[in-house]
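Asker: Can you build the whole structure from these sequences, using the hints too?
Residue numbers (this note's numbering), protein chains in the order written: chain P, 1 to 177; chain V, 1 to 272.
Hints are computed from structural coordinates only; laboratory data are not their basis. It is possible that part of the hints are untrue.
[Claimed, not checked] Some but not every residue of chain P turned toward chain V, in silico, with C-beta under 8 Å:
#	residue
1	R34
2	L36
3	V71
4	T75
5	H119
6	L121
7	P142
8	P144
[Stated by the list, open to error] Some chain V residues near chain P, calculated using beta-carbon distances under 7 Å:
#	residue
9	M1
10	I2
11	P3
12	I38
13	N67
14	A71
15	D103
16	P104
17	S105
18	R109
19	F184
20	N185
21	G201
Yeah, the Cβ is synthetic: ideal placement off N, Cα and C, and Gly gets one too.
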Amino acid sequence: MDAGVMPLPPKGEYFVEVSMTVNGQAQSHDVEPRTLLVHHIREHVGLTGTNIGCDTSSCGACTLHLDGQSVKSCTVLAAQAEGSAITTIEGLADSARATGTSTGDQDWHPMQEAFQQCHALQCGYCTPGMVMAATSLLEENPNPTEHEVREGLEGNLCRCTGYHNIVKAVLSAAGES
Amino acid sequence: MIPAAFDYKVADSAEAAIAMLGEFGDEAKLLAGGHSLIPMMKFRLAAPAVIVDVGRITDLSYIREDNGHLAIGAMTRHTELEHSELATSKAPMLAHVASLVGDPSVRHRGTLGGTLAHSDPASDLPAAVLALGGTIVAQGPDGSRDIAAADFFTGYFESVLADDEMITEVKIPTGGAGWNYQKFNRRAQDWAIVGVGVADGGKGISLVNMGSTPLRATAAEAAIADGASAAEAAALAAQDTSPPQDNNADADYRTHLAQVLTKRALEAAGVA
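Answerer: Right, dumping it as structure tokens:
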């Protein structure tokens with residue numbers, strides 16, 4: 001392809017149908033194949049709790065769960081998530097209520113409660129991604145050491161540098177579960 | 001950032017993927033976990049006209065022992081390799097290096113076949129496979145061929161894979177003596193500024209980010225074979241390399257790092 005020349009539009013299908021469950025609800029949309037999962041969730045499904053930060057899979061602000069595992073949704077095509085179960089920050093408390101593990105005055109997920117109790121946020125921008133990464137971390141390692149929490153959250157950046165209380169919150173949530 | 005438009009195809013088998021590669025030629029790219037290709041497409045460094053998604057070929061996600069080697073399906077994700085008891089006991093270096101790639105969310109998506117096909121000289125797992133003397137199985141329209149890792153990488157993001165070939169499996173010899181992997185970087189989730197892998201007591205020594213491909217430190221390997229000490233072999237680690245210069249390090253610094261890290265890795269692997 002010559003530099004400066006716009007590529008011709010590709011032949012074939014301009015849209016693909018993607019179906020997935022998002023926070024337990026079936027969602028089906030026709031999307032351009034190049035649609036990123038984070039844009040799909042924010043713009044088509046309408047859930048804006050999942051933030052866009054660096055847009056280069058470095059910061060983790062866009063972390064959500066795809067079939068129970070944390071992923072950076074800026075680096076997944078919506079089409080790749082066809083048939084999968086997505087949980088975003090908006091659905092986390094409901095998922096805890098469904099399994100009888102919600103806690104506190106707000107009846108939240110234990111990780112959300114721990115973030116509140118430990119004041120594990122300053123500006124809050126990284127918080128949805130941090131909470132989703134941290135819950136995925138505890139799924140794989142229910143009793144992590146402080147070092148393992150820090151390593152486990154290496155893909156999530158807090159530009160307020162509020163890591164101390166975030167790590168405390170994750171350890172606190174681990175202790176309660 | 002949004003990738004340039006492309007046509008999206010899903011392959012449900014290696015054969016289907018290879019047929020699509022034959023149909024679309026070099027306009028097509030295979031998409032596995034996507035954690036190397038999608039960033040390149042977002043930066044518009046890559047703009048394939050057709051994406052063939054092979055990430056759902058679950059038949060190619062496995063880890064099993066097979067005739068003196070560990071056979072790992074190309075679509076095995078880093079997180080599976082990292083947490084596999086079989087991999088940890090039979091190819092502990094590979095499982096350990098898998099745990100150092102990116103961060104946990106990246107490892108939930110990235111695949112062993114994908115990272116090898118991407119052939120980034122700064123990636124960890126290609127260098128580990130190289131040090132371990134692994135074999136890469138590539139399937140094409142006329143069947144499969146085994147490619148020694150030492151013959152696989154040809155240049156920046158380039159390998160001997162043909163346009164219509166796909167990696168289906170990676171074979172890693174089991175057993176072997178002490179191993180170690182040194183990854184030097186400044187930020188937790190970064191690529192290595194320089195990395196060094198030592199397998200089987202120094203029979204295999206590989207270098208990360210010391211040239212246009214993952215490299216074997218052949219002079220250091222030969223020295224170990226002749227009974228040299230860790231320090232003597234490490235002094236030869238950067239011989240015949242042309243390390244890149246970037247914001248993190250110039251070539252002299254990388255040369256120094258390769259020597260220091262090779263000494264550390266050899267000593268940790270039990271070489272005196």
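Asker: Compare the structure with each hint and give your call.
Answerer: Consistency of the hints with the structure:
The restraint placing R34/P at the interface with chain V holds, with a minimum CB-CB distance near 4 Å, inside the 8 Å limit. Satisfaction of the interface hint for L36/P is found here, the shortest Cβ-Cβ separation to chain V being roughly 7 Å, below the 8 Å cut-off. Against a cut-off of 8 Å between C-beta atoms, the interface hint on V71/P holds, since the closest Cβ of chain V lies about 5 Å away. With 8 Å as the threshold, the beta carbon of T75/P comes within range of chain V, its nearest partner Cβ sitting at about 5 Å, so the hint holds.
Proximity of H119/P to chain V is violated relative to the hint, the smallest CB-CB distance being about 23 Å (cut-off 8 Å). Because the closest C-beta pair between L121/P and chain V is about 19 Å apart, greater than 8 Å, the hint is violated. The closest approach between the C-beta of P142/P and any C-beta of chain V is roughly 14 Å, which is over the 8 Å cut-off, so the hint fails. At about 11 Å, the closest approach between the beta carbon of P144/P and any beta carbon in chain V exceeds 8 Å, and the interface hint on this residue is violated.
Checking M1/V against chain P: minimum C-beta separation of about 5 Å stays under 7 Å; hint holds. Look at I2/V: its Cβ gets to within about 6 Å of chain P, closer than 7 Å, so that hint holds up. Interface hint status for P3/V: upheld, as the beta-carbon distance to the closest one in chain P is roughly 4 Å, under 7 Å. Among the interface hints, the one on I38/V holds; its C-beta lies about 5 Å from the nearest C-beta in chain P, closer than the 7 Å criterion.
Annotation: interface hint on N67/V violated; nearest CB of chain P at approximately 31 Å, more than 7 Å. With a least beta-carbon distance of about 24 Å to chain P, the hint placing A71/V at the interface is violated under the 7 Å criterion. Taking 7 Å as the C-beta cut-off, the interface hint given for D103/V holds, the closest approach to chain P being about 3 Å. For P104/V, the suggested interface contact is upheld, since its CB lies about 6 Å from the closest CB of chain P, less than 7 Å.
Here the hint on S105/V is kept, as its CB sits about 5 Å from the closest CB of chain P, short of 7 Å. Nearest Cβ of chain P to the Cβ of R109/V: about 6 Å, under the 7 Å cut. The hint holds. Checking F184/V against chain P: minimum C-beta separation of about 16 Å lies over 7 Å; hint violated. At about 11 Å, the closest approach between the beta carbon of N185/V and any beta carbon in chain P exceeds 7 Å, and the interface hint on this residue is violated.
Hint status for G201/V: violated, given a least beta-carbon distance of 28 Å to chain P, over 7 Å.
Violated hints, in rising order: 5, 6, 7, 8, 13, 14, 19, 20 and 21; the structure is consistent with all others.
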